[in-house]
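Please build the complete structure, drawing on both the sequences and the hints.
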Amino acid sequence: ETIMRDLRSIAGKLMFVLMPMKAGDRGRRLRDWDLWGPLLLCLALGLIIAAQVEDQDQASYAFADIFVTVWIGSAVVTLNALLLEGQGSFFQTGCGL
Numbered sequence: 002e003t004i005m006r007d008l009r010s011i012a013g014k015l016m017f018v019l020m021p022m023k024a025g026d027r028g029r030r031l032r033d034w035d036l037w038g039p040l041l042l043c044l045a046l047g048l049i050i051a052a053q054v055e056d057q058d059q060a061s062y063a064f065a066d067i068f069v070t071v072w073i074g075s076a077v078v079t080l081n082a083l084l085l086e087g088q089g090s091f092f093q094t095g096c097g098l
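Going by this note's numbering, the sequence shown opens with residue 2, and the numbers climb by one from there.
Worth flagging that the hints you see were computed from the coordinates, not collected in a lab. Certain hints may be false.
As the list claims (entries may be wrong) - Cβ pair distances, simulated, as ranges:
#: 1; residue 1: Asp-7; residue 2: Leu-83; range: 27 to 33 Å
#: 2; residue 1: Glu-86; residue 2: Asp-56; range: 44 to 50 Å
#: 3; residue 1: Leu-85; residue 2: Met-5; range: 36 to 42 Å
Just so you know, even glycine gets a beta-carbon here, dropped at the ideal spot from N, CA and C.
Shown next as structure tokens:
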């Protein structure tokens with residue numbers, strides 16, 4: 002029961018990120034953050050790119066490059082938002098991936 006509730010919550014937040022125009026409660030959803038959605042999207046992107054690499058020795062490097070690039074990009078976006086006096090944290094900005 003608890004796992005299914007969490008999975009439904011993750012799925013709902015992923016759908017909100019993928020199709021933001023359908024949701025009417027944008028402010029509340031953005032404040033209610035977790036890192037499962039961005040982690041799943043980042044892992045999926047890394048696995049898809051790693052599967053496309055012809056040389057299997059390079060697959061782990063491709064996955065690591067994607068994973069690190071996404072999270073460093075999130076840190077840069079957070080730093081930019083903080084420098085522009087925005088309200089939010091690294092984790093909240095990371096959830097907007």
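Hints versus structure:
1. The supplied range of 27 to 33 Å is met by Asp-7 and Leu-83, whose beta-carbon atoms lie about 30 Å from each other.
2. A hinted range of 44 to 50 Å holds for the C-beta pair Glu-86 and Asp-56, which are about 46 Å apart.
3. The beta-carbon spacing between Leu-85 and Met-5, approximately 40 Å, falls within the hinted interval of 36 to 42 Å.
In summary, this structure violates none of the numbered hints.
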